[in-house]
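*Asks:* Residue numbers (our numbering), protein chains in the order written: chain G, 1 to 302; chain H, 1 to 285; chain W, 1 to 285; chain F, 1 to 253; chain E, 1 to 253.
Hints were generated in silico from the structure; no laboratory data involved. No residue lacks a Cβ here, since even glycine has one placed at the ideal position from N, Cα and C. Be a bit skeptical, because a hint or two may be false.
[What the hints assert, rightly or not] Pairs of lysine-lysine, DSS-like flavour, derived with a Cα cap of 27 Å:
(1) E:K165 with W:K134
(2) G:K170 with G:K103
(3) E:K150 with F:K150
(4) G:K103 with G:K183
(5) G:K22 with G:K204
(6) E:K150 with W:K134
(7) H:K134 with E:K150
(8) G:K183 with G:K241
(9) H:K134 with H:K146
(10) G:K22 with G:K170
(11) H:K134 with F:K165
(12) E:K165 with E:K150
(13) F:K165 with F:K150
(14) G:K287 with G:K22
(15) G:K125 with G:K221
(16) G:K22 with G:K125
(17) W:K134 with F:K165
(18) F:K150 with H:K134
(19) G:K125 with G:K170
(20) G:K204 with G:K221
(21) G:K190 with G:K283
(22) G:K219 with G:K125
(23) G:K219 with G:K204
(24) G:K125 with G:K287
(25) W:K146 with E:K165
(26) H:K146 with F:K165
(27) G:K170 with G:K283
[Unchecked claim] In silico contact screen, one side only, chain E against chain W (beta carbon under 7 Å); selected entries:
(28) D151
(29) F159
(30) Y169
(31) P173
(32) L247
(33) W251
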Amino acid sequence: AETVRMAVLQMGTVAWEADVAKHHGFDTAEGIELIAKPYAGTQATMVALQGGDADVSVTDWIWVSRQRNEGRPYSFVPYSTSIGELMVPAGSGIASLADLEAKRLGIAGGALDKNWLLLRALARKELDIDLARRVDPLYGAPPLLNAQIEQGRLDGVITYWPFAARLSAKGYRSLIGAEEAVKRLGIEVKVPMIGYVFDEDWAKANPEAIRGYLRAVHKAKALLAESNAEWERIRPLMGVKDDATFVALREGYRAGIPRQWGDAERAGAAELFEILREMGGEKLVGKASRLAAGTFWDAQTD
Amino acid sequence: MRSSNHSSVSPIAGGAEPSTPGPEWPRLVDTEAPPACCLPLLEVEIAHKGFRDPKRGEHRVVLEQLSFSLQPGELVAILGPSGCGKTTLLQLIAGLDRGFQGDLRWNGQTEDGHPRLGYVFQNPRLLPWLSLRKNIELVLDGQSHKRRRVDDLLEAMGLIDFADMHANRLSVGMQRRGALARAFAIQPQLLLMDEPFVSLDAPTARQLRLLLLDICGRTRPSVLFVTHDLREATMLADRILFLSTSPARITSEVAVRIPRESRQREDLVERAYAAVASRFSGLYP
Amino acid sequence: MRSSNHSSVSPIAGGAEPSTPGPEWPRLVDTEAPPACCLPLLEVEIAHKGFRDPKRGEHRVVLEQLSFSLQPGELVAILGPSGCGKTTLLQLIAGLDRGFQGDLRWNGQTEDGHPRLGYVFQNPRLLPWLSLRKNIELVLDGQSHKRRRVDDLLEAMGLIDFADMHANRLSVGMQRRGALARAFAIQPQLLLMDEPFVSLDAPTARQLRLLLLDICGRTRPSVLFVTHDLREATMLADRILFLSTSPARITSEVAVRIPRESRQREDLVERAYAAVASRFSGLYP
Amino acid sequence: MSPVMLAAHPLGLRIASALSLLILWQWAAWSYESTLLPPPAAVLDLAWREALDGELLHHLGATLRRVVLAFALAMLIGGTLGVLMGRLRTLDLILDSWLILLLNIPALVVIILAFVWFGLNETTAVMAIALNKIPNVVVILREGARTLDKDYGEMAQSFRLGWRKTLVYVVLPQLLPYFAVAARSGLALIWKIVLVVELLGRNDGVGFMLHTYFQLFDVTGILAYSLSFILIMLVIEYALLQPLERLANRWRR
Amino acid sequence: MSPVMLAAHPLGLRIASALSLLILWQWAAWSYESTLLPPPAAVLDLAWREALDGELLHHLGATLRRVVLAFALAMLIGGTLGVLMGRLRTLDLILDSWLILLLNIPALVVIILAFVWFGLNETTAVMAIALNKIPNVVVILREGARTLDKDYGEMAQSFRLGWRKTLVYVVLPQLLPYFAVAARSGLALIWKIVLVVELLGRNDGVGFMLHTYFQLFDVTGILAYSLSFILIMLVIEYALLQPLERLANRWRR
Ligand SMILES: Nc1ncnc2c1ncn2[C@@H]1O[C@H](COP(=O)(O)OP(=O)(O)OP(=O)(O)O)[C@@H](O)[C@H]1O
Ligand SMILES: Nc1ncnc2c1ncn2[C@@H]1O[C@H](COP(=O)(O)OP(=O)(O)OP(=O)(O)O)[C@@H](O)[C@H]1O
Ligand SMILES: [Mg+2]
Ligand SMILES: [Mg+2]
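This is chain G alone, in the form it adopts within the complex:
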């Protein structure tokens, strides 16, 4: 069987999925051997992919498009539609984007974070304000921001969905999610933001491997979507201490499973790229003005 090495974040969602696939032998059933390599940071999984230490990793298509423009043909298959949320304390007076005026807002992932850019785009469209100038932003590492808001040092955080889920388990509420922001920005379809990313040349050279791999992980996804028992089984991998967090993570994961991946979604992605390019500029998307051709992997439709 061909081996497919997958870089996963230790205790991250992708690692759960990989574990399910392996546990139930989905990989061998599809004629491959899946090897999940754990890393301690999202950056590390990307280093692994680029350093040739992994065949597949998980990231967004903006990155893929940018790499393709620079001559490195990575390709993308949807993994999840969830990206992030703007979380505020339960009793917070903040009810809408407009209320963020002069609030201390933690932003995970820096100034070019997609959640942040989408919310800024939305604020500009709906309220005609530049959120970046209205709030008092604090960029930081997501776990640190969670700790800060719990200590009452922040009025809200924009963070990735697993961290948002942990907060919601503690009674924080979501003011607005990135998915909703996309919708309000005029893109009706659910666009998957992050996905399995791999080297196109490798995939073309190993068509069986990539096909088998994708089938195996989709089986795992399907199982996780249905079975609560399966979630109980992988619970030790999740690093959760309480049921509320456990449930929040489970439901968050399920909500993000992409249901559709057709031309409408791709067109939505192109629109979204346009919005993000406007907000993030060249720094985010590189020199290209359009989503690079071939960013989305096509050979899977068999």
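Fit chains H, W, F and E with the ligands to the known structure of chain G by using the hints.
*Replies:* Below, chains H, W, F and E with the ligands alone, put in the same frame as chain G:
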């Protein structure tokens, strides 16, 4: 070497014939005290001083049962075999090493009872990163005519041309003169000197000895100096202490009675020297 | 100081009266050469040696137009005022400083033309982190009876009890003896010594001088040594070179003709000393 | 020992060496031909553009401010403590285990704890950086203080120089090489730590930008920012540290 | 200068000092009462459990292996280079700018580039760590080599000791304090860098675990892993470095 429990001050007057030496030096019993006037500046009474060798854990006794006193204005020379503990003795007196049994009694003039100290170490110990002049100015407190004083001293030492050189670029003899200048500069009340005039050519050494006498005449410090040169000791000292090999004790003590003002007269010194030397030939094994 | 272009070797035989000194020292014209036998071991011809003071950028001349030669087995003493450049001269000869104009011509026996060198520096320069014994063993190559040789030497120096002490715990005089032992240990063909016997008490110093003569009698090294003690120079040297103040040149040269085997006789040495001394009194300004 | 031949043109040698580095890089970029190793020109171009639009200078300034503040703090506290520990055996015994703990605690842990306990603000950031550097300075200067020459100390003591003169003229000159080591390796260490701090919880600074570019895997951006800061370090080195050191070492033979 | 009073019980003093640290921590944990500062017992408990199920020891071992290898490599290469640069002015001039570049390049950048160019394997990891440490060692030993006493060098030269004896008996003893500094601050530095390396490209090691716990913001876990490693460092310090140093410094008065 003869073992002796007693030593006495045997006066040797310049010009006069030396009194015939006895076969043993009886212990000093305060008879015939040195040119004393009043209270001694310092009474040294060292019962025991040793070093532990960290390698072998052995304890070596260096000084034992050593006592003498130093009068104000007195010049005392210390002679003794190499390695017997002369430097150690000066270190104790200077307060640089407190790890000994015994007592140092000061009857000083300064507030803390200790006199102002000038120390000419056996190695010059000038700070190499400072110029010669800075080395000397360093030990002077904010005197106003600092620079004048230093210049005068350097002039007298024949070092004025080298005042701005880093100390480590001077020859050893020059460094030694620098160290002398440093000790003289502070106008010490007690001057400790460890072989101050070695590594100097004869004319320079003689000139510096005379300078020392001159300074002693003017500011009257008490001086305790180590030397291996009996002639030098005879010329400069009021009293000479002879130490035994380690553990060092004072084996004998000789008072030299050349008047201060005639010490530059070589004939007198030579005569006194012959007397002292004849007595001590063969004292060290 | 008298300016002189010429100096000559004036022989002073032990026991004989010195020839009357002329008012000026005519230059050495190879007449009356020292106890020469064959080719000199070393011919020194230094045209110019100076130092740049990095602080003031000034250039100071230290040695100028200095030339002499050293015969195999010869003992030569160098005297000169403090700071005139004696140490610098030894450094040049030892090859430690190549920044000079002039020439050193070796007619050596070893493969590279340079003789095996023993150097007693003006400061002992023993490595403080090694014991005394290791310091000496260090300079010996894998000889088999290393330890015996070192022990014998330490015994002769009176240091055998201190063989295992770290060098920096020894007194200065003991360190100096250690440095002598180190230089003697390698059985040098050329022995450079910079004031080797200072900081030693008179009996020890005398004993070591005799040891040096003994070694010279046995292994016949050429010896060049600096001293400030004319009496010592007279006792040990075949020839004495007098240097002027900087820029140093050889102002005069005296051959001392005491036979090697009678140099321990104090009366002969004293007589020769008197002769040399009377001639040179007042030579240094 | 040092050959004099080439030493006559130290500047020439320096420039040649720097140039050869550049050429090596250019050559490697050509032969590798990938955005993972951009050529110097591309990096320079980006740095230039970023400098023009003001971003680069702003971030450099922010980082530099933190570096300088933390450096001064660490040298002062660490230097004092190090010298004292080198001289006073009891103090050394007491603080030794604390020192090793602090020396080996991961920067990350200190920074996280500092941020968590004292909040994500500028003061905490500078403190956290200094706290990471202090044990390093202590270790270096403690070692230096242990090697102080007793001879000079005795000289100072017998001539009653007093602690101030002793410190300035006797102790510090002997510690100078150790201060030089602490300063040079210290600037480098601080600059490494400041990156982590900025990565974890600041809105500006070179570390913040490096992290942003790292997320996008934009090597050109990473190099543009690191090299700009290294340039500042080079200027500090050649315009400040080296002349100072030369001056202070002039006395050596 | 050092008071002798308490020095009679150095071990007691040490233990008292370590204990007081523990007590301080316990007290802080009590008064703070939050998962952000767990009490010592909780940390110890976790460390113990992790040690029992084998995970902790595995990660510690992996990190230790990397630390030791990189340390040896860095000391060897950096030491040689540093001494040579300190003695040979020409070499110093040539390599100086490279050195400062390497010294100030962020660990992150070196590690990323190394991983991307040479692949994510153990050799690259160790190399990347060593490469981060080498300039530090060079800087320290270069400074040391500059302060070598000319007197002893001249002695070695005139007695024709040859380079081997000169190195072992004349040069190295003088460089010892600098080696001690390089070793101690170096171990600490390497241990900081190894964390970044393990974060970015290894599947095990303390750094890997620290970051995992960081993602979960589990301070207990973070402390358990850091302290376990610090414990190893303490052992190295007290069982190896300090006795060695004492032995080597015995000659000092
Ligand atoms: N490295 C140096 N830099 C500058 N000047 C120096 C250096 N070494 C020696 N000198 C100068 O050279 C002159 C001669 O020094 P040298 O040590 O040779 O004297 P010396 O004859 O040995 O004196 P002494 O009898 O005092 O030992 C002195 O004026 C000294 O200042
Ligand atoms: N720090 C030390 N540790 C161990 N022994 C020491 C120490 N200092 C001195 N000694 C020993 O004490 C003895 C006396 O040393 P000291 O320096 O006082 O002799 P000295 O009389 O001055 O000799 P010299 O005439 O050679 O200078 C020597 O045997 C020496 O080895
Ligand atoms: Mg002495
Ligand atoms: Mg000299």
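*Asks:* The structure should be examined with respect to each hint, and the outcome stated for every one.
*Replies:* Evaluated hints:
1. Proposed proximity of E:K165 and W:K134 is supported: the alpha carbons are some 12 Å apart, at most 27 Å.
2. Between G:K170 and G:K103 the CA atoms are separated by roughly 21 Å; this keeps the pair inside 27 Å, and the hint holds.
3. With a C-alpha separation of about 19 Å, the suggested pairing of E:K150 with F:K150 holds against the 27 Å cut-off.
4. Only pairs whose Cα atoms come within 27 Å are accepted, and G:K103 paired with G:K183 is accepted, the gap being roughly 25 Å.
5. Proposed proximity of G:K22 and G:K204 is supported: the alpha carbons are some 24 Å apart, at most 27 Å.
6. About 20 Å separates the Cα atoms of E:K150 and W:K134, which keeps this hinted pair within 27 Å; it holds.
7. At most 27 Å may separate the alpha-carbon atoms for a hinted pair to count; H:K134 and E:K150 meet this at roughly 23 Å.
8. Using a Cα cut-off of 27 Å, the hinted pair G:K183 and G:K241 is violated, with the two alpha carbons roughly 34 Å apart.
9. Proposed proximity of H:K134 and H:K146 is supported: the alpha carbons are some 11 Å apart, at most 27 Å.
10. For the proposed pair G:K22 and G:K170, the alpha carbon gap of about 32 Å is over 27 Å, so the pair is violated.
11. Under the criterion of a C-alpha separation no larger than 27 Å, the hint pairing H:K134 with F:K165 is consistent with the structure, at around 12 Å.
12. For the suggested pair E:K165 and E:K150, the alpha carbons sit about 16 Å apart, so the restraint of at most 27 Å is met.
13. Between F:K165 and F:K150 the CA atoms are separated by roughly 16 Å; this keeps the pair inside 27 Å, and the hint holds.
14. Between G:K287 and G:K22 the CA atoms are separated by roughly 40 Å; this puts the pair beyond 27 Å, and the hint is violated.
15. At roughly 36 Å between alpha-carbon atoms, G:K125 and G:K221 are farther apart than 27 Å, so this suggested pair is violated.
16. Using a Cα cut-off of 27 Å, the hinted pair G:K22 and G:K125 is violated, with the two alpha carbons roughly 45 Å apart.
17. The hinted pair formed by W:K134 and F:K165 fails the criterion: a straight-line CA distance of about 39 Å is larger than 27 Å.
18. Of the supplied pair hints, the one linking F:K150 and H:K134 holds, its CA atoms being roughly 20 Å apart against a limit of 27 Å.
19. For the given pair, G:K125 sits about 32 Å from G:K170 by alpha-carbon distance, which is inconsistent with the 27 Å threshold.
20. Distance restraint check for G:K204 and G:K221: the Cα-Cα separation of roughly 24 Å lies within the 27 Å cut-off, and the hinted pair is therefore satisfied.
21. Distance hint between G:K190 and G:K283 is fulfilled; the C-alpha atoms sit about 25 Å from each other, no more than 27 Å.
22. For the proposed pair G:K219 and G:K125, the alpha carbon gap of about 40 Å is over 27 Å, so the pair is violated.
23. This hinted pair checks out: G:K219 and G:K204 have alpha carbons roughly 22 Å apart, not beyond 27 Å.
24. Between G:K125 and G:K287 the alpha-carbon distance is near 25 Å, which keeps this suggested pair within the 27 Å criterion.
25. As the CA atoms of W:K146 and E:K165 are separated by approximately 16 Å, the hinted pair is consistent with the 27 Å bound.
26. The suggested pairing of H:K146 with F:K165 holds, with an alpha-carbon distance near 16 Å, which does not exceed 27 Å.
27. For the hint linking G:K170 to G:K283, the alpha-carbon distance of about 36 Å lies beyond 27 Å, and the restraint is violated.
28. The interface hint given for E:D151 is met, as the beta carbon of that residue sits about 5 Å from the closest beta carbon of chain W, less than 7 Å.
29. The beta carbon of E:F159 is positioned within 7 Å of a beta carbon in chain W (closest approach about 4 Å), and the interface hint is therefore held.
30. At about 6 Å, the closest approach between the beta carbon of E:Y169 and any beta carbon in chain W falls short of 7 Å, and the interface hint on this residue holds.
31. The beta carbon of E:P173 is positioned within 7 Å of a beta carbon in chain W (closest approach about 4 Å), and the interface hint is therefore held.
32. Against a cut-off of 7 Å between C-beta atoms, the interface hint on E:L247 is violated, since the closest Cβ of chain W lies about 11 Å away.
33. A distance limit of 7 Å between C-beta atoms decides the matter here; for E:W251 the minimum to chain W is near 4 Å, and the interface restraint holds.
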